Amino acid sequence: MSTMLPDAWTSLSQMPLTWVTATIVVYLIAVQVYRKVSYQSVAHPVWTAVAALIAILTLTETSYETYFKCVSSIQFMLGPATVALAIPLYRQLDTLRRNWFAFLAASILGCITAAATAMAASWALGAADTVILSMSVKSVTMPIAISITELKGGSQALTSALVMLTGVLGAALAQPVLSAIKIRNEAAVGFALGTSAHGIGTSRAFRISEKAGAFSGLAMGVSGLITGLVAPHVLKLLG
Amino acid sequence: MIILFAKLLAFQFLGELLIRILSIGIPGPVMGMLLMLMYLFARRDEAEKLAPACHRLLNHLALFFIPAAAGLMTQIETLTKDWLAIAIALVISSLASIIVTAGVLHRFSK
Chain B
-13 MSTMLPDAWT SLSQMPLTWV TATIVVYLIA VQVYRKVSYQ SVAHPVWTAV
37 AALIAILTLT ETSYETYFKC VSSIQFMLGP ATVALAIPLY RQLDTLRRNW
87 FAFLAASILG CITAAATAMA ASWALGAADT VILSMSVKSV TMPIAISITE
137 LKGGSQALTS ALVMLTGVLG AALAQPVLSA IKIRNEAAVG FALGTSAHGI
187 GTSRAFRISE KAGAFSGLAM GVSGLITGLV APHVLKLLG
Chain Z
236 MIILFAKLLA FQFLGELLIR ILSIGIPGPV MGMLLMLMYL FARRDEAEKL
286 APACHRLLNH LALFFIPAAA GLMTQIETLT KDWLAIAIAL VISSLASIIV
336 TAGVLHRFSK
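Quick note, the sequences are listed as chains B and Z, same order. Counting from -13, one number per residue, gives the positions in the first sequence under our numbering. Counting from 236, one number per residue, gives the positions in the second sequence under our numbering.
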């Protein structure tokens, strides 16, 4: 098929302009779809945009390596966006100061629950060792999950796939599950989103309110720190 | 917007610098976030000034995850081989951690 593609495309398909534009346009369409279905979480924009982009990349026979190299400027934005989480957090500091013990306990127990249940279930169901390793870090923010996996010699691509699936799933589940058990407090919903579903959960929480988003961002930072400090040692003990 | 962006990058840079000097195993952007928080404490009116631009940026947080998330396409083989185990583990783990986190917070909050 590639021999049939016009020459113009051959060079365009290697250009950042092409893939940055495609990613932003696909993302904006995904956001419109998300709005049209009144923010039903199965249509979370990360999920639908990724599905559409994988279809485009497959149809145009573009490798993921080429795509990723071209859109590194978008990936770069994750860094400053993480730093920016300090601002909504600062504005919620009063709530945090009053309940610092509850937040710390919730974060530690939430992280342990996320990692332990995922590892135990995938082990019991006979998943491959690399899958079990990646499961231990799937709930934390992408850069931390990847650096732990790297340290332990696991598969970075598999970790990022599980991190993404967890994020989309957690973003979809949190609100329905918590309203079923009558927890509607925005700080608690946001904090649970950030602990179980990292940045994708946080982007969902910002759609609820700035308060939910701020606590989600905080939870993501704290659980990232806790998992980053604890997971490498636990994994060593498990061999 | 550009002023916010410059400040975010500067704090991320300082974060990266600090973790290298102290050789601690946390990501630079997370350290940058902590430094930014300290800066906001020191300059009390700053958070309100930066908030509108910051809100516009964080509204599109999901966009910045797409490049890494598209890496899913390289893992289709592993994911389909163990799909049932992975699906069950992810659902159990997400439900459990959401309930435990929000439950503990709800129980211990004043």
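Note that these hints are calculated values from the structure, not bench results. Accuracy of the hints is not assured; some may be wrong.
What the hints assert, rightly or not - Just a sample of chain B residues kept apart from chain Z, beta carbon distances all over 12 Å, derived:
{"no.": "1", "residue": "S(-1)"}
{"no.": "2", "residue": "V23"}
{"no.": "3", "residue": "A72"}
{"no.": "4", "residue": "F89"}
{"no.": "5", "residue": "L95"}
{"no.": "6", "residue": "T127"}
{"no.": "7", "residue": "L144"}
{"no.": "8", "residue": "T181"}
{"no.": "9", "residue": "S209"}
Said to hold, decoys possible - Simulated crosslink set (EDC-like; lysine to aspartate or glutamate; CA at most 16 Å straight-line):
{"no.": "10", "chain 1": "B", "residue 1": "K168", "chain 2": "B", "residue 2": "D115"}
{"no.": "11", "chain 1": "Z", "residue 1": "K316", "chain 2": "B", "residue 2": "D115"}
{"no.": "12", "chain 1": "Z", "residue 1": "K345", "chain 2": "B", "residue 2": "E136"}
{"no.": "13", "chain 1": "B", "residue 1": "K197", "chain 2": "Z", "residue 2": "E312"}
{"no.": "14", "chain 1": "Z", "residue 1": "K242", "chain 2": "Z", "residue 2": "E281"}
{"no.": "15", "chain 1": "Z", "residue 1": "K345", "chain 2": "Z", "residue 2": "E281"}
{"no.": "16", "chain 1": "B", "residue 1": "K168", "chain 2": "B", "residue 2": "E136"}
{"no.": "17", "chain 1": "Z", "residue 1": "K316", "chain 2": "Z", "residue 2": "E281"}
{"no.": "18", "chain 1": "Z", "residue 1": "K345", "chain 2": "B", "residue 2": "D115"}
{"no.": "19", "chain 1": "B", "residue 1": "K138", "chain 2": "B", "residue 2": "E172"}
{"no.": "20", "chain 1": "B", "residue 1": "K197", "chain 2": "B", "residue 2": "D80"}
{"no.": "21", "chain 1": "B", "residue 1": "K222", "chain 2": "B", "residue 2": "D80"}
Given the structure is predicted, the values throughout are model-derived calculations rather than measurements. Glycine included, each C-beta is placed from N, C-alpha and C at the ideal position.
Going through the earlier hints one by one, which of them does the structure break, listed in rising order? 3, 4, 5, 6, 7, 8, 9, 10, 12, 13, 15, 16, 17, 18, 19 and 21
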